[in-house]
Structure formats: C-alpha cells, structure tokens
Amino acid sequence: MSNQKKRNFQIEAFKHRVVVDPKYADKTWQILERAIHQIYNQDASGLSFEELYRNAYNMVLHKFGEKLYTGFIATMTSHLKEKSKLIEAAQGGSFLEEINKKWNEHNKALEMIRDILMYMDRTYIESTKKTHVHPMGLNLWRDNVVHFTKIHTRLLNTLLDLVQKERTGEVIDRGLMRNVIKMFMDLGESVYQEDFEKPFLDASSEFYKVESQEFIESCDCGDYLKKAEKRLTEEIERVAHYLDAKSEEKITSVVEKEMIANHMQRLVHMENSGLVNMLLNDKYDDLGRMYNLFRRVTNGLVTVRDVMTSHLREMGKQLVTDPEKSKDPVEFVQRLLDERDKYDKIISTAFGNDKTFQNALNSSFEYFINLNARSPEFISLFVDDKLRKGLKGIADVDVEVILDKVMMLFRYLQEKDVFEKYYKQHLAKRLLSGKTVSDEAERSLIVKLKTECGYQFTSKLEGMFTDMKTSEDTMRGFYGSHPELSEGPTLIVQVLTTGSWPTQPAVPCNLPAEVSVLCEKFRSYYLGTHTGRRLSWQTNMGTADIKAIFGKGQKHELNVSTFQMCVLMLFNNSDRLSYKEIEQATEIPAADLKRCLQSLACVKGKNVIKKEPMSKDIGEEDSFVVNDKFTSKFYKVKIGTVVAQKETEPEKQETRQRVEEDRKPQIEAAIVRIMKSRKILDHNNIIAEVTKQLQPRFLANPTEIKKRIESLIERDFLERDSTDRKLYRYLA
Amino acid sequence: MGISKDRIKFNVGGRIFETTATTLANAGRDSFFGALFDDEWNLSPQDSIHFVDRNSDCFAVLLDLLRTGDLNVPANIPERLLHKEASFYGLLDHVRTAKWGPFDGNRLRLSDSVKGIAPGDGTAIRAGPDGGCCVAHGSVVHVFDWMLEEHSPINLDYQRVNDVGWIDSDNIVLSACERLGRGEGGMGLFSSSSGDLRYKFQVCHENQVKSYTAGALSFSPDYEIFASCKGRSNEYGIGVWDQITGKQTDFFYESPGWSLGDADKLQWLNGKNCLLVATLFPRKDNCYISLLDFRDKNMVWSWSDIGSPMAIDEKRVRDAIAMEDSNSICVVNEFEDLGFIDLRMYGGSVRWSSRSKLMKSKMPDEPCYPKLALHEGQLFSSMNDSISVFCGPDWVLTSRLRRSYGGSICDFSIGGDRLFALHSEENLFDVWETPPCPII
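Top line first, the protein sequences correspond to chains W and B. Start counting the first sequence at 1; every next residue gets the next number (this note's numbering). Start counting the second sequence at 733; every next residue gets the next number (this note's numbering).
With a Cα cut of at most 20 Å, we get these calculated EDC-like pairs of lysine to aspartate or glutamate:
id, chain 1, residue 1, chain 2, residue 2
1, W, K129, B, D900
2, W, K129, B, D928
3, W, K130, B, D902
4, B, K741, W, E50
5, B, K816, B, D802
6, B, K962, B, D982
7, W, K108, B, D770
Distance ranges between label pairs, derived from CB positions:
id, chain 1, residue 1, chain 2, residue 2, range
8, B, P1170, W, E33, 46 to 52 Å
9, B, G833, W, H37, 44 to 50 Å
10, W, K23, B, H883, 28 to 34 Å
Keep in mind that the hints were calculated from the coordinates and are not lab data. Glycine included, C-beta positions come from ideal geometry on N, C-alpha and C.
My request is simple: use the sequences and hints to build the entire structure.
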C-alpha cells in the first residue's frame, strides 16, 4: 500500500437522527407562556390542565427542559416586574394591602404553574440540580418585589411605622401585619432576618433607649418597673400576634438591655424608692417585679442580692451593736427573729425562694450575729425565757415553730460551745427550780441541738435529764424504805452527777437540825444502795417551802432558798438576832448571807423579817426581828433571791474563762487527730485544718492553736522539723 | 343512599375509566392527579370527562395500583413502558414501593438477573440506598438504578478499581490503583447519574500531597470516609476524609509488623466508635484483624494468626465481619466454616463451628472464596454458587439462595431492601427481593 492510497476513514454521523422540529418546541412553549399569562391575569378557567401538563412533559421528554425552565423564569420575572410597579403606585395605607393582595395572587399562580411544570420539577430539575419551581417562584418574588429599590425601604418603613404606632397606643391592622410578615418568613429565614427582623430590633432598641431615659427621669423605681414589665409583655404579645416565634428571645433581650440592664444601678439605688426602700416597707409586689425583671439580665440578680446583703449587714450591725438594744436579751433575740421572718417572707413571696438569696440572708445573719460576743448568751436566755414561762398556753406546734426559729439563729453562731455553756447553766436552773414549763419542749430542743451538732454536744444536757429522772425514783425508794418519815418535813434530794452539771463550788452551811437529820438518813440510804459514791450537798442550789404564822395569825407558805430557810428557822427559837449571830449559826459565806438577808428584809411586800436600822444594804451591825405585820394576799409567797437574771461582770468573765479552758483540750485533740493522719504538716495548714474541724462548735483562735501546738511539742506529741522550722512532725 | 359525588371519568387514549377522588388521592399531591384537585380534593369542573393522551393499558395497571396498593403487570406490558407511564403521572415511587417489601433474608425471591457485557472477573458489587447498584469491573463501574436501567458507566481510563461505595443515591466513591510512574489513582467522587468525576480525594503526608493506591472503603454516619491506603514511599495506613468538605482529616499509620494499608475489608462500628480493619489470606501470608480508635489514635483490639499452629485441614480466615450486638467477630474459612472471636478479650482464639466438612470433596473447579455480610441481625455468607442465611443467637442456617448458572458468587451486597449477588462468569448479577407483605 502506498502512501497515496492511505485514506483516513471518517465515520459519518447517523444521518437520520430523530430531531423534533424546533418550531414545535417554540409552539409548545408559546402555549405554556400564554397559560402562565392567563394564570397571572386570573383567567385560568378556560385552561386544560391535561394539555398543559402534556406539553410541559413533551418539552422535557424531547430535551427542551432548559428552554422550558428559562422560559418559565423569564415569564414569571416579567410578570413580577409589572406587579411591583402596581404595588409601587399604591398610595399610603393601601400600600401594604396591595403587597398582600399581590403576594396572595402570586402564591396561587405559583401553585398552578408548579402543577403544570410538575414533570420538569421531578425529572429535569432533579437531574440538573437546579432550583425547584416553587422555591424559584419565591426567589423571583423576593428579587423583583421585596428587594425592588422603590419598594424595599418603603415596605420596611411602613412596617416599622405601624409597630411604632402600636407602641404609642394606636390600634393597627394586626391581621394585615401578620400576613405581610408571614410573607417574609415564607421567603426564607434569612430574608425575614435581614429585611425585617434586624431593622426592627434596631428601631426597637432606639425606641426603648429614649423611652427608658424618659421614664427614669420621671418615675420612681416601682413605677418604672411596672412600665418595663408592661413593655415586655407587650413585645411578647406582639411576637405572638404577628412575628416569628424565634424573634421573641431577640426582642425581649432588646427590651431587657435597654430598659433594665442599662439602668440597673440607678434603679436599685434610686433614692426613696429603690431596693432598700422596698425592703424596709415590705413592698412585695415591687420586689417581686424587680426580681423577675432583673433575673432576665446578666448580673441583674447579683446586683439586687449585693444591695440586699449590704443593707442587711448594715441593719444587723446596728441592731446587735446598739448597747440600748442589748439590755433586754429577750427583746434582742426577738428582734433578730423578727428581721429573719421579715426577710424570709420577702424571699419566699417576692424572690421565688431563690436559693442564692437565702444564702445571702444566712451569710448576712452569720456575719452580724457574731459581731456581738454575747449573742450565744442572749439566745440561751431567750430560750430560757420561753421555756420558763413564755410558752405557757402555746400549742405544741407553735413551740416547735419558735424553737425551730431559735435553732436557725443558733446555726449562725460561731461560738456554739459558749452557747452550750450558757444553755447548761440555764437548763440547770430551770430543772432544779422545777420551772420548766414543758418537758416535751425541753427535750425537743435537745433533739434539735443533737441533730445540729452531734451526740457529743448534748450528752451532758441529756445527762441532766437522766439525773432528774433517777432522782425521782430514788426519792420514791427512800420514802418507801422509811415509812416513818411521812410525818414531819419532807426532803427532796436531786442527785446530780458531777460533770454533767455546771459546777459551782459547794458552799457549806449549817442546816437546821430537823433537816440535817433527814439529810443524814438519805445519805445512808443512798450510799447503801449505791456503793463507791460520794455525796456532797449543794445547799446554794436548793429551795424550801416553809409554813409560817405571823403576828395576827396570818398563815403563809413561804417559798425560799435553802439559805433563807436556814436563816428563818433560827427565828423559831429567838425573836431578835444580830447579823453576827446569824452568821455564826448558819456559817453561810458573807456575800451569800447578805444577799439572802437582803431578799428577806428589804424587798417591799416580801419582807418577812424587819431589819434595824431600816436601810437598803445589810451591815455587819444590823439586827433582825420577825415582821409581825407581814401581810400578803396570797397564801403562798415566793421570796426571791436578789440575783440578776443576767450575769454579773465577774461571772461573765468566769464563764468566758471556763469556755476558753474547755476549748484547750478540744483544740489539742483536733491537732493530734490531724497530725496522726498527716504525719507532717506546715503551720498554716494545721491552723486551717483545725479551724475547719472545729467550725461546727466554735471559731478557734489562731494564737490559741499556736499555743496548743507549743504545749503539744513540750509534751512530745509533736516536734519541729530539724531543717524546716515551719514543719511539724507527729511523734507516734 | 344517593350517588357518590366524588366520581370522576377519564378518557385515556380512547378508553373510558371511571374512578373516585378518594382513589386518586392515594397518588398524593406531588402527582398528575394531585394537581387536578384543589386543596380539599374537589375537582373543579365537575361532570366533564378528562382526556389524557396516554397508554390506556398502563393507566389501568396504575389505577389498580392506586386502588389496591398492589402492582400486577400483565405479561404483555413491558416494564420499561410501565415505568415511563408511571413517571408521567408522578407515580414512580408508588411502583417502586409496590414492587418489593422490607428486606428479610429468609423470604427472598429472585426477581431479576442482569447480564453484563464483559466476560466476568467482576471486582465488587455494591447496593445503592434506593434500590440501584453498581458493579466494578476492571477499570469500569457500571451503575444501575432501581429499575435496573443502566446509566453512563464510570470509566477510569485503565486504572483498576479496588472498591466502590455509595455516599448517597447520587454519589459514588471509587478507590483505584495508582499507576506506576503516572502518579494517578487514589479516590474519587462520581455522579451516579452522569458518571462524571466530581471530586478527587487527596492524601497529604507532612503537608505534601502524595499519590497513593486506595483499597477497601468504609463510611461512618458522622460523614467520614475511611480507606486503606498505600503510598509509594511506604506511607501505609488508613486515611480519613470528611464527606462534606472532602478534606483529609486523619491518617492512621501502619505500625511495623502489622498490616493496615493492604486491608481487604474496613467496617465502621458505630457503637464502639471504632473501625475494623482486616487484612486476610491470600493478600498476605497471615491474617491481621484490628480495631482502631481514631479519637486517641489507638489500636484498641487486635488478632492475628501469626504463630498459631496450622492444623492438617488448614483453616485460613478468608473474610471477617464484626457483630457489635454479640461482641464478637465472625470469620469464615475457605470451606465456609464459621468461626467466632470474642471482642472483649485481647488475644482470644477462633472458636470454629465446623458445619460442613462434606464441602471439601465437592469444591468446584474455579472456587470463589466466601464473603460475609450482616444485615439487621441476619448473617449472610456466600460460598461458590449459593448464599447461606444464618439467624438467631446460635447462627442457625435458615435459608440458602442458589442459582444454577453464572458460576460462583464472587461478591454480594445488601441495600435498599435488595440483595445483589455478582457471579464470576459473564459479569452476571442476580437481584433478590422480599415480596411485598401479604394482602391480609
């Protein structure tokens, strides 16, 4: 084969390809285009759906999908351009109506067009990944109508104007408003947000900025809050009526920011109507409103809480440090309880029982109650007062309520051991003098203390109750074994366990013979039943009921202390006795004797003996006679001892000292416990841990802890590290 | 009783049909019939006869489909024509739903066999999410839709396809061999309808794009693609890509003495958040199965038959599949014995359940090694010319699917409520469907 013969083969295309007449496609499209026009002109009744559907199907089938798609877009665009001109021409109020009307027409038309073009929608658009007919129709409306320059801003301003009108109290057509805004939503979230929501929020922000400024200049805090609350509900309603539900959060946050967050400080501190004023005047509604509004903004509640806390602390500080007010302990504690009740109520009614507010309340009370070192004593005295007489005639439930409240205050105390000391003293007095009103109430309080501070705290208090109970049994046994004693004076002995009771030095005194015989009998009975025990008589704590007949035969029963009994019994044998004689006969220590004589001779209405010369104070040279003229309208006369209910200064010192003394072993025990587990620890950490461990009982003083450490080092429990002096080492 | 008011008449290609709006409502809004009615399914012009210029026989079939929900195609109507008509009315989805029901391995019926053009040696068959499938064969992937109409094939220009997988009904991922000296290969995303390349997945090592050979593929529901990769300079391991961005997000390098880059099989375990990687005999002399946790780049479980004594009847693992529900891996040997490895123990051994010693004597001339698949608690194992179905906690053999011609089954796949089995001869594949639920 030569080169000339070489011929390129050319494969020719198939000559008789089936091609649809392009004119046919144009013709079909014209039919469809005309139909679209008719649909837009609301003249679709004469159209045959089957024919149009078939035509659209045929166009797609014969590969004219592209032509159909672009044609549909072009036709719809031209229609929408026309419509936008009509809308633009609408004047004033009819503008929105016109938009709404045209929008509804467009939607209907779009529906029909989509039906006709359904086959294209399913096949051609699907495989070419173009925008489907319905969303395309919405996009065209957006681009040609909503975003048309002469409509865009006018539409937005009209809507914002209407909102503004509604805010100033005018009635607007909410239905129309809802339809137009619904159009934005239908056009897609981004259209709604960009073309309406964002400008709406900006305008609202501006509006509320101005309004809140106006309000804050002219209203007091309560009114302002009312107005802010009203605005907030209005905006929420507005969202429900004609905005997208997702806008609620955004618009409320605008109102919150402009009306509350920006004016927070000023509102809270507003003179004569701010938070402090509301608290003082128990304005629950206003407080509740403030709480609910401030809760919506960041740091809102913190602000309210801080102001409340500082007010509480200031108020409490004044309360506990005012010397006038600490004169009457019962009144003092009652005030504290009242304040607590007041704030409890505020928190529960206005602040929705907010935990953080309760904590603030508690921490404030804790802060100021401990400012007064005598708070533990006062609280114990308050309880004493309530359990002595105050609770008479009060139902058990109320007793519980009062005790619960007292426990609340007790929880705030840092020096719980001081309270324990006083409580022990007061309880001892109550028990021995038989003045407890309700055994039940006493026990219930002990149980409360036990749950609060543990078994240790109340074991001695419980011991006191046990002693009272066993004493009763012992007395029954004593009189059972000595039937001959039913005649003559009755002796009631309460056997107190040393250690459980507040110790007081046993003051010796000579008991009258009648009594001392009985005492001896009891001693032998008691020691006979219990071996290995020691009995000593606490005459300073006893009482006696003695019968006396005065000059004109007035009979009285005198309720006196043991000392007073000793003195009075002397007058059975002589009419006149000098101070010295009495002192010799009774051997009562001078201070006690003087107090006892004073109460017998100098208290008006209860002076069963007369003193010569008459004066307030007892002198060593004084002499005494029975007051024959003594009268009283009561048969039973209680002769009190001149003792202050409150402690005297030296007594106070003593209690304090005893407390300090009792703390020492506790601190040491805590140090040893900690060191035993840690082996090596530095100074600061020991202090911290000991303080933490003892917190439920008292606040340990760092210098005292240091002293205790020194003492433990001396006693070879601990040693200092040889290299680092700050480290302590536990010696096993 | 009066005359029902919702009656409607059609004149389809000259034949008159009478039906009701209620029946047509079954077609749904997105159909020719839906568009005829207004929002309350009222017909606008009440009494006229609606003319439709279509085939009346097909209309009759489709009308009965709307009436009863069942598809009964008389022998004289070609399926293709019916599909075309259904497409016109917007009823293709109805036809598809009526054709076959929810997948159940024990009720499968052979519904069709499609013969390929090329003479065999298919690599893989993968069921698509909507009832279609694709068949990899040399450097070509044939794509079929649910009507088993073939679309334009994906042609890789002489690169061998190793694995294929569907991302969704319109997107297929291919893994291919790197051609020596050409630097092509790797993975690509292709359109299932047009066969066009849409995206190429790249591998970077130390910020440098490297060419690679991609092997087995797997996908996670978190839109991740996993592929075993072999780079030219020993960068072996498992690559991870994001399906949405297409960017490489991770690479798990193969450690010495282990195999990842050559893996035969990858399987994403959703509950464990791990990827199963299995390299099996005969690709390597030994089998390596491991679970990779990509969160802390850790191989959390592994098993290998290195050093295990070979018994006389030599059981080599030929395929493996993890079964998360029973915390085990099922393996199969060349005699279709199933074995189980406990996933909770590290370094456990295979517990073989020897069922079929008889098989050994009847091995065909050109055996195909068994493959495993798991679908909704049913275990499938292909062996020679049949597929066995195992059920229950003890994996009892409950069904066996067998065809008389086409030779051994070299691969099979389950998806879109269908099972596709590719035979080694003539590129023939079978379609197995579960018949629709009984009428009552």
